[in-house]
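> Given next are the chains, with one letter for each unit.
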Amino acid sequence: MTQIGWTKESLDGQATPRFNAKKWERLKFAIGGLILVGAVVVLLVSGTLGGLRYFITIEDLLSGAQPVGQSVRITGAVIGESIVYDPQTLDLSFTVAHVPLDTPDLAQALHEAVLDPDAPRLTVYMGNQVKPDLLRNEAQAILTGSLQEDGRFYGETVLLKCPSRFGEAHPGEAILAVESER
Amino acid sequence: MLAEIGFIATWLAIAVALYGIVASAIGYYRRLPAWTVSARNAVYIVFGALSIAIGALLIGLITENYHIAYIWTVSNPNMPMFYRMTALWGSQAGSLLFWCWLMSAFSALSVALNWRTNNRLMPHVILFQLTLTAFFTLLLVAIENPFARYWVAGEEVLQAALQPAGAVAPAMTALSESAKGLNPLLRHFGMAIHPPLLYLGFVGFLVPCAFAFAALATGDLSIQWIKASRRWTLTAWIFLGLGLVLGGRWAYDVLGWGGYWGWDPVENAAFLPWLIGTAYLHSIMIQEKRGMFKTWNMALMVATFSAVIFGTFATRSGLVESVHSFARSDIGFPMFALWFSVTLTLIGLIIWRRAAGGLRDDHPMTSFLSREGLFLLNNFVFLALFIAIFWGSFGAPITSELFFDTKITLGAEYFLGVTSPLFLALFILMGIAPLSGWGASALRRMGTGLLIPSTLTLLTLFGFILMGHTKAPTLIGYGLVALAGWVAVYETYRAVRARQTHLKENPVAALIALARRNPRRYGGYLIHVGVAVIGIGIIGSTAYQRETQATLSVGGELSLDGYTLRYEQFEGGQIAEDGRIMDIAVVGVYRDGQHLATLRPRRDFFPQQQDMNTMTIAAAHSTLENDIYVLLLDWDEISQTSATFKVYINPLINLVWWGALILIAGTAIGLYPTVTAEVVTRRVSDVPNAFAKGRA
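If you read the protein sequences in the order shown, they are chains A and B.
According to my numbering, the first sequence is numbered sequentially starting from 1.
According to my numbering, the second sequence is numbered sequentially starting from 1001.
Rather than coming from a laboratory, the hints here were simulated on the basis of the structure.
Quick caveat, the model's predicted, so the values are computed rather than measured.
Please note that the accuracy of each hint is not assured.
[What the hints assert, rightly or not] Just some of the chain B residues that point at chain A, by a computed CB distance under 7 Å:
#1 Lys1407
#2 Tyr1414
#3 Met1615
#4 Thr1644
Yeah, the Cβ is synthetic: ideal placement off N, Cα and C, and Gly gets one too.
Throw the hints in and build the complete structure from the sequences for me.
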């Protein structure tokens, strides 16, 4: 359905008050809209600045890419034998080895990082932390927290993925192992 | 044989879908109805072929056909039948096949139900649905083939659908002995039904988006595409909502951190289409009533479906680091290309139709406080939430990497800080919008309508204060959420009272009659109540969670918030049906000396799993007031006389799950067909005849 609109002109060519009212209505919505958009932008910018964390490698962190004490997010390969957990105090510490942020075969990268004695390593400490079931050798740990003066990384949160989550890169080994036993 | 059947059926589905795309285009543009009929039949055949394919994989899982690589990866002989069946969607390839099958099922059902009533839109609906189905199915067979088998060639194990030259199939015994089994984290009832519900929600949005595409392509921009797709949208919306809630329940039960929502990118990716879909469901009411927001509604539908594809891409490509994401896969680039091209095409069509005047509104906006004004504000807040969550989950990390050569992430504090005021704004709008009128502001009416709900809200707040919930910010939150709920309850009550007064109906009959006459309004009110209940649960469980931990000897006790937990005994080495070994602590829960429950937190060990072989299973005593959530952290392996526990008290958490049930009930009412004026007239006119028959 077509809507037909018209504007009544006065004799001297000025728009009538009705036209002005419409214009004012539009202006009102535009101002209201701008205020709302502005408020959301302020909310987003302040939230971003307050919650921003750099996601860096262990190598970068240890080379001073971010100042000591600044909250960052890091990723590393868990070295299983370094895990120390006291269930009575919920103190958890472990060592993570450097892995690149982007790698085509993460399972392989984790495996190599754990075996490489020259890979940069970082001791992580977490207080009041229930030991996650996935915390094991060669798991990928994604940690938020900060590096402190004592050289330890004080973790606030930890996200873990065990190697099996990166796809079944070498399933054949298991099958061949059983076959060769026969 | 099963692998071959599934493989051939999948290729057949692709071939027929491609044919259907061509046939539907010829049918429409050459005005040859026989071709459109043929395209419709292609939709049914695609559904049939994919049903055979998924049936083959399911039978393979049930009959333990470990030659199929997917089955070897996600199941093993020790798994119970239930989990063997749910392993169908336990990993990338199977879940992608399930996704394709659902797409074909939704397509077939929507075509069958709309063939007569919306025949003009059908060719393009079919074209859109088959294009998407063909794309995903092609992706399935080309990159993530669930029917690939293991073959041994010398010292190498290969994965291929067809037997490579010189390769032989490995012995079934070798396969069954080495089969990995489903990830223990996924062996939970919530996880068994959470993915299908999410997929039903995601895929369900294919239908309304296909109708939107058909409307744009044909130029039939009347209200018809919305009417035809409203129920599909609502169905997809509730499935997605339930999927999200069940995902939260799974996290709460399985991940053992006492929470249910971690602002993880994959959780957020599923939440985004739900948010924008909710905005759409509100906004289309304005187009139906006032002929406004036509472009906006199109844009919202496109944004919803675009968010669905983006979320799928983000989850399945391994783009984001998340406990929920699949392994990194090659399907990332093709899916990104699909998302980009579908979104761009639909936006292009909207711009074209708008420029041609087809999406011009019938009425201008008159007041911010009119119902349409408040709905626009509601849409604005939903959009702001969408942008905030998208920015935090994907926008900021991707932008920083692309333009600043650095990676940044935004943590939970960003999401809590930015979304809390926006959610509260939504609850304010939920409270006042139902009291507004169409076309003009009705401040006086709003004021009167708020009087009783405000009084009830104050009483509710008093109840919370008595419970010890006295933090000022949470009381503001409780107040706004409760007000939104009470307005919905009171508006329903007023309508019931009116029927009681004028028609002398009893309250139940009046309520049923109201729901039948206007299911959308009263279903919507019930949905508002459900959302308010969920909101109260979220505020209570987030702000007033208590926790402690202690090492107890058998007979030892710990106290928290008026509850006493006594470590009764240890039951080590219990073997479950699926082969897991369970170490269980038996814990009694007491309040004021009265025994409330016996809990059995435990640690499960999966001997066959190589990587992820232990799982901490929490135990909880649930009431409407709170959950007492207990984790077994450690125990004395030798004497078994002492154990360490972590205990959480999560106030009001069960309102989150109960609110979801109310949400389902409200949606079910909203889906109920409206009793139209014509039907009512016919029924009323039948009454004298019935009397006449009776007299005769």
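> Indicate, hint by hint, whether the structure satisfies it.
Going down the list of hints, with the structure as the test:
no.	hint	in the structure
1	Lys1407	holds (4 Å)
2	Tyr1414	holds (3 Å)
3	Met1615	holds (5 Å)
4	Thr1644	holds (4 Å)
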